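Generate the whole structure from the sequences, applying the supplied hints.
Those protein sequences? They're chains B and V, same order as listed. Just so it is clear: in the first sequence, position 265 is 265 by our numbering, and no numbers are missing. Just so it is clear: in the second sequence, position 84 is 84 by our numbering, and no numbers are missing.
Derived from the structure by calculation, the hints contain no laboratory data. Remember, it's a predicted structure, so these values are computed and weren't measured experimentally. We treat Cβ as the ideally placed atom computed from N, Cα and C, and that holds for glycine. Be a bit skeptical, because a hint or two may be false.
Stated by the list, open to error - Capping the alpha-carbon separation at 30 Å, the derived lysine-lysine pairs in DSS-like fashion look like this:
1) B:LYS225 x V:LYS225
2) V:LYS125 x B:LYS16
3) B:LYS125 x V:LYS24
4) B:LYS24 x V:LYS125
5) B:LYS125 x V:LYS16
Unchecked claim - Stretch by stretch, here's where chain V covers chain B in the computed footprint (C-beta under 8 Å, at least three residues):
6) 13-22
7) 46-59
8) 96-107
There are 2 protein chains.
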Amino acid sequence: MNNFDFYSPTYFVFGKDRENEAGKYVKMFGGSKVLIHYGGGSVVRSGLLDRVKASLNAENIAFVELGGVKPNPRSGLVYEGIDLCKREKVDFVLAVGGGSSIDSAKAIAAGVVYDGDFWDFYRGKRIEEALPVGTILTIAAAGSEGSPDSVITKEEGMFKRGASGDAIRPRFSILNPALTQTLPAFQSAAGITDIMAHLYERYLTNSEEVEVTDRMIEALLLTMKHEGPRVIADPNNYEARANIMWAGTMAHNNSCGVGRSQDWLSHTIEHELSALYDCAHGAGLAVTMPAVFKYELSHNVMRFAQVAVRVWGCQMDFAHPEVTALEGIEAFRNFLISIGMPKNFEELGAKEEDIPALVNVLCRGDGRDGNIYGFITLNEEDCTKIYKMMV
Amino acid sequence: MNNFDFYSPTYFVFGKDRENEAGKYVKMFGGSKVLIHYGGGSVVRSGLLDRVKASLNAENIAFVELGGVKPNPRSGLVYEGIDLCKREKVDFVLAVGGGSSIDSAKAIAAGVVYDGDFWDFYRGKRIEEALPVGTILTIAAAGSEGSPDSVITKEEGMFKRGASGDAIRPRFSILNPALTQTLPAFQSAAGITDIMAHLYERYLTNSEEVEVTDRMIEALLLTMKHEGPRVIADPNNYEARANIMWAGTMAHNNSCGVGRSQDWLSHTIEHELSALYDCAHGAGLAVTMPAVFKYELSHNVMRFAQVAVRVWGCQMDFAHPEVTALEGIEAFRNFLISIGMPKNFEELGAKEEDIPALVNVLCRGDGRDGNIYGFITLNEEDCTKIYKMMV
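Here it is, written out as structure tokens:
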């Protein structure tokens with residue numbers, strides 16, 4: 001196991017009706033003038049936004065609003081949010097929504113207190129300072145409610161890049177599983193896929209002797225395997241929603257990823273798909289992961305065999321571990337298809353003829369050196385092959 | 001799943017040589033005058049105390065020391081520590097040692113800023129304020145390095161009682177698995193037992209639909225089942241020590257215990273044993289748990305069958321689940337015996353003739369109402385039967 005630091009100071013407020021306590025927690029964490037940042041549509045229609053405002057009013061907390069966050073959130077709205085916060089002297093950013101709203105809120109929070117262009121952070125500069133951020137989560141997926149990370153798409157060039165720093169970890173996150181009951185099945189499934197991807201990206205490690213985190217990841221994968229189909233079958237199943245929601249947070253606050261190298265190649269390769277086609281990130285991952293995993297398989301057959309046996313219930317073929325390893329990848333792929341995820345480029349809305357352009361942005365875009373790094377190192381030829389496997 | 005709050009803001013600093021960073025973290029969390037609180041013996045002999053002092057000196061942090069913490073830490077030393085801190089205007093308490101040193105440090109930290117008798121907190125008053133506490137852990141066991149809890153024995157009456165409050169959660173905890181390599185096998189085994197007890201106490205729940213936390217607990221139990229014997233066989237196995245150390249922290253920071261009722265009857269019943277006989281808490285738990293679990297079995301056969309199958313590898317007897325359930329308890333008991341834990345009163349140093357006195361303190365001591373509460377409710381007759389099962 002590698003040396004590590006682990007720091008997850010977010011205050012999690014979990015359960016039914018707890019969004020009504022938003023004002024109390026904004027106050028606890030020092031907010032007096034809030035930017036409420038959200039997407040739109042369902043947050044407004046469901047009355048959630050009104051309940052949040054009522055809760056802020058009850059604590060005499062002033063607020064301004066900025067809606068309009070899109071999935072795969074864009075830099076344009078971030079600049080707008082930064083200007084608004086500066087103009088209105090906002091001291092707390094409250095995201096209401098999913099990973100997109102939260103990531104956009106984090107970018108705004110970091111940008112407000114930074115003299116340069118906020119995009120510097122998405123080109124590798126560590127975020128050391130930011131306005132405090134709180135979240136009210138409406139979809140279990142990104143894990144951004146408990147992470148120090150944010151992913152934004154820059155509209156000039158459509159680069160999708162991540163930034164990181166403890167300063168943008170939410171001070172509090174309100175997780176009410178009931179808020180996710182109104183999600184369309186496809187979005188629920190995309191969220192489930194994203195959570196499982198966060199687990200696989202940590203599972204695929206070159207570190208040895210990491211039993212405790214292996215077991216924790218497997219535990220969360222087993223939970224998703226059991227609870228995922230229950231939510232697809234019955235969107236109103238609060239209990240299944242609750243199990244998925246806590247699993248989603250635990251999958252990404254890194255308690256199960258400490259002390260080990262991680263992969264993240266599937267995310268890196270997928271980001272170009274959702275940047276170009278604006279598809280759901282989870283749907284992109286569903287198509288990406290099986291291809292990436294097959295390409296990585298020979299690097300560590302036993303690791304893929306282990307997850308096949310422990311999570312997917314495959315019988316170990318002791319004479320041919322690679323058979324079991326592959327069986328586990330197929331089982332995962334079939335699971336994703338069974339909950340309604342796309343299985344190839346066509347179903348995702350991606351085009352084979354775009355592969356050269358995808359590979360170019362992936363490997364050369366925004367200062368990259370021709371390779372991408374993770375469980376293994378991939379060059380442009382490798383990435384081309386992987387995208388072709390998805391066709 | 002029940003509504004819950006989860007807040008674990010401790011900064012964990014994990015790995016080889018990291019105790020040399022103690023000064024840096026005391027400074028980060030605002031300490032300028034430190035009480036170093038420890039047991040003695042090995043902490044001094046190993047040079048650890050000197051390294052910690054050097055690290056504080058390097059940051060120009062002043063300190064005073066108070067050694068002498070005994071296993072099952074006593075109220076007398078806590079009063080002494082409170083006086084010392086007040087006299088010396090200490091603003092940070094740094095525990096160097098295991099759960100006993102940490103629990104004693106927490107009691108001191110709470111007592112210093114409280115006008116009344118610190119024991120009020122151990123009679124049920126919530127700790128709302130305390131000096132900041134940091135820890136350098138030397139045994140994986142109690143989980144106190146990441147918990148808001150402290151257990152102290154009051155010398156008048158030998159009551160062993162717990163107190164709680166976010167204010168006494170360590171601000172940082174330094175976890176270097178190598179520091180645990182010098183532990184005698186018996187102490188390592190007692191630590192392993194304590195960690196597994198923290199997991200079982202959370203597993204035995206009356207809450208339904210708690211798949212995610214069930215799976216996480218099972219993951220940590222599986223880790224202990226695998227890594228425990230490796231440490232007993234080779235005390236210098238750093239990797240096994242590392243896996244156990246992180247499992248011990250995760251077992252008790254409550255990330256796997258949220259949203260569910262918990263048991264804690266084994267701890268409650270054991271506390272009277274270690275209070276009266278001054279035996280190792282883990283050793284007391286090894287004798288207590290199998291008896292308590294057998295007594296609880298009929299309350300929820302399927303829960304005990306589930307852990308038997310998922311953790312202990314028992315084949316489910318679908319016609320007679322109680323057979324599987326009991327098999328799991330026996331497998332756990334045999335595991336504990338195999339790592340060197342006592343199996344009955346005699347091996348623990350307890351006496352059958354003390355049972356009436358034990359039951360009296362347990363059920364009536366310090367304001368209790370004749371029952372103790374957990375997975376089931378036990379009266380004096382039940383507790384008498386359980387202690388007799390341990391003989």
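Hints versus structure:
Proximity of LYS225 (chain B) to LYS225 (chain V) is assessed by CA-CA distance (about 24 Å); at most 30 Å being required, the pair is judged to hold. With a C-alpha separation of about 28 Å, the suggested pair LYS125 (chain V) and LYS16 (chain B) falls inside the 30 Å cut-off, and the hint holds. About 24 Å separates the Cα atoms of LYS125 (chain B) and LYS24 (chain V), which keeps this hinted pair within 30 Å; it holds. As the CA atoms of LYS24 (chain B) and LYS125 (chain V) are separated by approximately 23 Å, the hinted pair is consistent with the 30 Å bound.
For the given pair, LYS125 (chain B) sits about 28 Å from LYS16 (chain V) by alpha-carbon distance, which is consistent with the 30 Å threshold. Counting residues of the region 13-22 of chain B whose beta carbon lies closer than 8 Å to any beta carbon of chain V gives 5, which meets the minimum of three for the stated coverage. Look at the region 46-59 of chain B against chain V: 0 of its residues bring a Cβ nearer than 8 Å to a Cβ of that chain, fewer than three, so the hint is violated. Only residues whose beta carbon comes within less than 8 Å of a beta carbon in chain V count, and the region 96-107 of chain B has 0; fewer than three means the coverage is violated.
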